[in-house]
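*Asks:* This is what each chain is made of:
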Amino acid sequence: MPSALPDGEPVPADGALPASALAGAADRPLGFYLHVPYCATRCGYCDFNTYTATELRGTGGVLASRDNYAETLTDEIRLARKVLGDDPREVRTVFVGGGTPTLLAAGDLVRMLHAIRDEFGLAPDAEITTEANPESVDPAYLATLREGGFNRISFGMQSAEQHVLKILDRTHTPGRPEACVAEARAAGFDHVNLDLIYGTPGESDDDWRASLDAALGAGPDHVSAYALIVEEGTQLARRIRRGEVPMTDDDVHADRYLIAEETLSAAGFDWYEVSNWATSDAGRCLHNELYWRGADWWGAGPGAHSHVGGVRWWNVKHPGAYAGALAAGRSPGAGREVLTEEDRRVERVLLELRLREGVPLSLLREAGLAASRRALSEGLLQAGPYEDGRAVLTLRGRLLADAVVRDLVD
Amino acid sequence: MPAIPSHVPEPSRTDPALIRNFCIIAHIDHGKSTLADRMLQLTGVVEQRQMRAQYLDRMDIERERGITIKSQAVRLPWAPSHDEGNTHILNMIDTPGHVDFTYEVSRSLAACEGTILLVDAAQGIEAQTLANLYLAMENDLTIIPVLNKIDLPAAQPEKFSEELANLVGCEPDDVLKVSAKTGLGVDALLDKVVAEIPAPVGVKDAPARAMIFDSVYDSYRGVVTYVRVIDGQLNKRERIRMMSTGATHELLEIGTNSPEMLAADGLGVGEVGYLITGVKDVRQSKVGDTVTSQHKGAEEALGGYKDPRPMVFSGLYPLDGSDYPLLREALDKLQLNDAALVYEPETSAALGFGFRVGFLGLLHLDVIRERLEREFGLDLIATAPNVVYRVVMEDGTEHTVTNPSEFPEGKINEVYEPVVRATILAPTEFIGAIMELCQTRRGTLLGMDYLSEDRVEIRYTLPLAEIVFDFFDQLKSKTRGYASLDYEPTGEQTSSLVKVDILLHGDKVDAFSAITHKDQAYAYGVRLVAKLKELIPRQAFEVPVQAAIGSRVIARETIRAIRKDVLAKCYGGDISRKRKLLEKQKEGKKRMKMVGSVEVPQEAFIAVLSSDDSAGSGKAKK
Numbered sequence: 001m002p003s004a005l006p007d008g009e010p011v012p013a014d015g016a017l018p019a020s021a022l023a024g025a026a027d028r029p030l031g032f033y034l035h036v037p038y039c040a041t042r043c044g045y046c047d048f049n050t051y052t053a054t055e056l057r058g059t060g061g062v063l064a065s066r067d068n069y070a071e072t073l074t075d076e077i078r079l080a081r082k083v084l085g086d087d088p089r090e091v092r093t094v095f096v097g098g099g100t101p102t103l104l105a106a107g108d109l110v111r112m113l114h115a116i117r118d119e120f121g122l123a124p125d126a127e128i129t130t131e132a133n134p135e136s137v138d139p140a141y142l143a144t145l146r147e148g149g150f151n152r153i154s155f156g157m158q159s160a161e162q163h164v165l166k167i168l169d170r171t172h173t174p175g176r177p178e179a180c181v182a183e184a185r186a187a188g189f190d191h192v193n194l195d196l197i198y199g200t201p202g203e204s205d206d207d208w209r210a211s212l213d214a215a216l217g218a219g220p221d222h223v224s225a226y227a228l229i230v231e232e233g234t235q236l237a238r239r240i241r242r243g244e245v246p247m248t249d250d251d252v253h254a255d256r257y258l259i260a261e262e263t264l265s266a267a268g269f270d271w272y273e274v275s276n277w278a279t280s281d282a283g284r285c286l287h288n289e290l291y292w293r294g295a296d297w298w299g300a301g302p303g304a305h306s307h308v309g310g311v312r313w314w315n316v317k318h319p320g321a322y323a324g325a326l327a328a329g330r331s332p333g334a335g336r337e338v339l340t341e342e343d344r345r346v347e348r349v350l351l352e353l354r355l356r357e358g359v360p361l362s363l364l365r366e367a368g369l370a371a372s373r374r375a376l377s378e379g380l381l382q383a384g385p386y387e388d389g390r391a392v393l394t395l396r397g398r399l400l401a402d403a404v405v406r407d408l409v410d
Numbered sequence: 001m002p003a004i005p006s007h008v009p010e011p012s013r014t015d016p017a018l019i020r021n022f023c024i025i026a027h028i029d030h031g032k033s034t035l036a037d038r039m040l041q042l043t044g045v046v047e048q049r050q051m052r053a054q055y056l057d058r059m060d061i062e063r064e065r066g067i068t069i070k071s072q073a074v075r076l077p078w079a080p081s082h083d084e085g086n087t088h089i090l091n092m093i094d095t096p097g098h099v100d101f102t103y104e105v106s107r108s109l110a111a112c113e114g115t116i117l118l119v120d121a122a123q124g125i126e127a128q129t130l131a132n133l134y135l136a137m138e139n140d141l142t143i144i145p146v147l148n149k150i151d152l153p154a155a156q157p158e159k160f161s162e163e164l165a166n167l168v169g170c171e172p173d174d175v176l177k178v179s180a181k182t183g184l185g186v187d188a189l190l191d192k193v194v195a196e197i198p199a200p201v202g203v204k205d206a207p208a209r210a211m212i213f214d215s216v217y218d219s220y221r222g223v224v225t226y227v228r229v230i231d232g233q234l235n236k237r238e239r240i241r242m243m244s245t246g247a248t249h250e251l252l253e254i255g256t257n258s259p260e261m262l263a264a265d266g267l268g269v270g271e272v273g274y275l276i277t278g279v280k281d282v283r284q285s286k287v288g289d290t291v292t293s294q295h296k297g298a299e300e301a302l303g304g305y306k307d308p309r310p311m312v313f314s315g316l317y318p319l320d321g322s323d324y325p326l327l328r329e330a331l332d333k334l335q336l337n338d339a340a341l342v343y344e345p346e347t348s349a350a351l352g353f354g355f356r357v358g359f360l361g362l363l364h365l366d367v368i369r370e371r372l373e374r375e376f377g378l379d380l381i382a383t384a385p386n387v388v389y390r391v392v393m394e395d396g397t398e399h400t401v402t403n404p405s406e407f408p409e410g411k412i413n414e415v416y417e418p419v420v421r422a423t424i425l426a427p428t429e430f431i432g433a434i435m436e437l438c439q440t441r442r443g444t445l446l447g448m449d450y451l452s453e454d455r456v457e458i459r460y461t462l463p464l465a466e467i468v469f470d471f472f473d474q475l476k477s478k479t480r481g482y483a484s485l486d487y488e489p490t491g492e493q494t495s496s497l498v499k500v501d502i503l504l505h506g507d508k509v510d511a512f513s514a515i516t517h518k519d520q521a522y523a524y525g526v527r528l529v530a531k532l533k534e535l536i537p538r539q540a541f542e543v544p545v546q547a548a549i550g551s552r553v554i555a556r557e558t559i560r561a562i563r564k565d566v567l568a569k570c571y572g573g574d575i576s577r578k579r580k581l582l583e584k585q586k587e588g589k590k591r592m593k594m595v596g597s598v599e600v601p602q603e604a605f606i607a608v609l610s611s612d613d614s615a616g617s618g619k620a621k622k
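Note that the protein sequences, when read in sequence, are chains A and B. Residue numbering for the first sequence follows our numbering, beginning at 1 and increasing consecutively. Residue numbering for the second sequence follows our numbering, beginning at 1 and increasing consecutively.
Errors might be hidden in some of the hints.
Unchecked claim - The calculated lysine-lysine pairs, modelled on DSSO-like cross-linking and capped at a C-alpha distance of 27 Å, are:
1) B:Lys580 to A:Lys317
2) A:Lys166 to B:Lys569
3) A:Lys317 to B:Lys584
4) A:Lys317 to B:Lys518
Claimed, not checked - Now the stretches of chain A that chain B is said to cover, found in silico as 3 or more residues with beta-carbon under 8 Å:
5) 62–68
6) 119–130
7) 320–329
No lab work stands behind these hints, which were simulated from the structure alone. Remember, predicted model here, so these are calculated numbers, not experimental data. We treat Cβ as the ideally placed atom computed from N, Cα and C, and that holds for glycine.
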């Protein structure tokens with residue numbers, strides 16, 4: 001979640017949605033994102049909405065504490081129930097992210113999940129994920145999560161190389177994430193993801209290969225690999241500006257991506273989104289697919305974003321202000337935008353083009369179609385799916401997805 | 001200071017014997033406008049409190065650059081100290097100071113019997129001044145040499161008196177020394193104008209003949225035409241006839257400038273003043289034309305009339321294509337006041353809709369471009385200036401090429417390009433550097449004369465095309481700013497000229513095509529291709545940038561394909577941000593010009609096409 005909130009119109013105090021947002025809701029899956037805004041330390045590259053203090057006080061004097069965070073968040077889940085009214089949907093996915101969710105007691109994560117279960121009901125095959133820091137879990141913690149209903153876990157591994165982890169300010173010991181995978185399997189988790197970052201200053205092609213090999217050796221069924229984005233305002237951006245660490249060239253990023261694709265596919269993984277690979281369809285992250293396919297999700301927690309039926313809104317960022325709004329019985333929403341038909345079309349193109357299934361050509365206008373034919377002839381789109389009416393990126397196209405999107409939305 | 005003259009003769013009733021018509025020839029910066037200011041004050045036509053610097057320069061650009069583009073005439077009463085009882089009428093005709101406007105200068109000179117040759121006592125005479133001096137001599141004008149700025153510590157009155165005396169053919173002691181800034185010596189100068197410049201001679205009873213030496217569009221009054229009456233008399237409310245076109249007009253107003261317009265009953269022999277007829281376009285009232293009365297008018301026009309002929313062309317394109325109608329309107333408006341400005345619509349595959357505009361020279365181009373941008377708020381791309389080529393094919397057909405992209409394909413017999421006679425004045429130490437520059441620009445040395453021990457006049461024949469780009473800048477930098485340049489068109493020559501095309505990803509970019517000498521084609525190609533490689537961002541595919549003559553590639557660079565353009569993460573909270581970023585990128589894309597399949601930023605066109613500072617010597621003061 002990026003730190004800067006977009007501009008938008010105000011959210012009503014009761015959080016009510018326009019009628020249009022709820023129309024046809026029954027046909028769309030519903031998910032929950034729960035944001036835990038706490039970290040033990042802030043990593044140099046991170047610009048997420050996260051805080052290292054355990055207690056934060058809002059302007060109204062309301063205390064947002066790590067210890068009572070599960071209760072505060074449960075207040076928002078109850079607000080969601082009110083706002084969605086008699087929406088009959090059960091929840092298909094829950095994803096707890098951060099920050100570092102595992103800084104909370106495992107029981108807190110389970111309580112938040114149960115709040116959703118109690119208010120909405122969980123679908124029988126619901127995907128319940130939490131992100132986890134390799135250093136803050138152990139077999140007992142994992143067992144509690146699994147028993148509480150979590151069935152998917154995502155570890156922030158980033159790299160297998162100490163010197164790379166150091167640039168990223170990651171405090172875990174190399175080898176620990178791989179061990180976590182085994183512990184999670186032992187605890188009964190069906191699905192395990194490892195997050196990797198490539199293109200960190202100082203990382204070599206071989207460092208990257210070693211990280212991929214280490215990750216694959218641990219036996220996850222899902223890998224996310226992200227090019228390091230140096231966000232303005234982060235410690236890393238300052239260090240690069242001061243010349244203390246070198247900026248990674250885009251061509252190097254491209255090379256690393258090709259290495260990832262080659263290594264992961266050789267190990268039986270298939271890409272299903274530009275930065276995500278899984279061993280099978282069952283291994284895909286269903287929750288993330290809700291984002292990419294325009295489904296509904298409620299993001300609870302400070303700074304969390306939500307989307308329901310063409311309305312996007314986002315909460316106030318500061319945990320104190322967030323807790324204060326809920327304590328006063330108000331929606332913590334800071335702003336929202338009601339998407340036009342064209343906004344939604346553009347979003348579909350930009351999101352779905354990143355997926356293995358691609359974008360239906362029927363979504364494109366005439367200029368976009370002409371651009372798609374050019375992209376096809378330039379080898380950025382796959383010929384087979386194109387004949388079947390879909391724009392699907394080739395490997396080279398995946399690396400140039402943003403450029404292709406700019407043309408296709410015309 | 002003499003008293004304000006009494007018994008000032010009135011227009012139409014002024015004895016020609018009391019009239020003196022003169023102009024001031026000076027290099028820009030040498031103080032002409034300041035001297036004119038001082039004369040306005042001394043003769044009392046402008047009161048002290050109304051005085052502002054450079055009173056006669058009307059346009060902002062003129063005042064800022066210290067150059068006079070359009071001339072004007074002021075009627076000054078003056079009772080000379082040697083003949084105080086007789087108030088004379090001095091008509092000061094302000095001349096444009098730049099080489100681009102030589103024709104206008106020649107018409108101003110033709111309206112005078114004498115001229116003040118004004119030279120900066122610290123700098124000496126400059127090439128343009130010399131050119132105008134020769135022009136004045138050809139017109140048999142009486143020359144009064146004057147050194148200005150003698151109050152400056154750097155003034156060298158002895159040295160430059162000597163130089164002027166040599167040029168004019170007088171004694172160094174005859175050179176007047178003044179300071180226009182302080183007013184020192186200006187009254188003596190006015191006395192000398194009365195004493196030395198002959199009074200106008202004309203036939204009083206003949207049909208009226210007046211020569212137009214300037215024509216200015218005024219948004220309130222229409223065209224104001226400045227004339228010098230040679231024979232006869234023009235009277236208010238009569239009908240007049242323009243002899244070049246035969247068009248007749250009602251004379252709505254006739255008068256003189258003091259310096260504001262003042263209506264009169266008429267203008268007699270030797271008098272200078274203005275006419276207003278209600279025409280709205282200066283092309284109906286052309287400089288050099290003869291005005292006569294419709295009734296019992298003259299049969300024969302005064303000599304010397306020429307139609308202005310554009311020498312330099314450039315394509316002007318609005319940066320924002322939707323400004324095209326605005327550009328057309330702006331050019332229409334400027335043309336009202338500029339008979340030399342010609343233009344026609346043109347379409348460029350790379351730049352869209354625009355105009356091919358013809359100019360008298362580089363300063364003219366620069367002034368017009370600046371007025372379009374400043375007065376009409378337009379953002380323009382101007383293509384590199386080019387000259388007019390005449391191409392004769394083997395089958396005998398002939399093409400006139402004003403735009404390099406129209407250079408004909410096929411078997412060419414001869415290509416003719418315009419040439420000029422260039423005069424360069426500089427300190428002798430720079431002779432070598434100047435000759436080297438002129439040689440690389442395909443010049444032919446005509447001759448060289450020493451003006452004084454350490455100053456030399458070098459004459460070359462040069463292709464005009466070699467001068468229009470950056471010749472003047474090069475000259476200035478090779479002579480540490482000391483050289484001055486003047487040139488006049490002298491005809492055309494055949495040359496081995498080729499068209500160099502620039503290809504982006506195999507597509508010709510018309511705006512970058514250039515006609516060069518075949519020996520310089522390679523260097524041009526290499527330079528442009530390298531510049532484009534630097535300016536065009538990486539695209540989704542590899543883009544070869546080539547320079548070619550016909551189908552033969554003479555230079556090549558490759559812009560490597562961009563390999564990564566994708567955001568790594570796109571989750572729930574990123575979506576709004578990502579869509580907004582996309583909208584912003586689309587806006588940026590609109591400012592790109594598509595050349596075939598290659599996106600070229602506007603900045604690349606501007607950087608490649610802008611000749612930086614090629615505007616010729618008139619820009620010196622900027």
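*Asks:* With reference to the structure, classify each hint as holding or not holding.
*Replies:* To see whether the hints hold, each was checked on the structure:
A C-alpha spacing of about 20 Å is found between Lys580 of chain B and Lys317 of chain A, which places the hinted pair at or below 27 Å, so the restraint holds. Taking the CA atoms of Lys166 of chain A and Lys569 of chain B, the gap is about 22 Å. The hint holds against a cut of 27 Å. For the hint pairing Lys317 of chain A with Lys584 of chain B, the CA-to-CA distance comes to about 25 Å; that is within 27 Å, so the pair holds. Proximity of Lys317 of chain A to Lys518 of chain B is assessed by CA-CA distance (about 67 Å); at most 27 Å being required, the pair is judged violated.
Restraint check on the segment 62–68 of chain A versus chain B: 0 residues with Cβ-Cβ distances below 8 Å, three needed, restraint violated. As drawn, the segment 119–130 of chain A meets chain B at 0 residues by the rule of a beta-carbon pair under 8 Å; below three, the given contact is violated. Note: the segment 320–329 of chain A has 0 residues with beta-carbon separation from chain B under 8 Å; the three-residue rule is not met and the coverage is violated.
In the structure shown, a violation is registered for the earlier hints numbered 4, 5, 6, 7, in ascending order.
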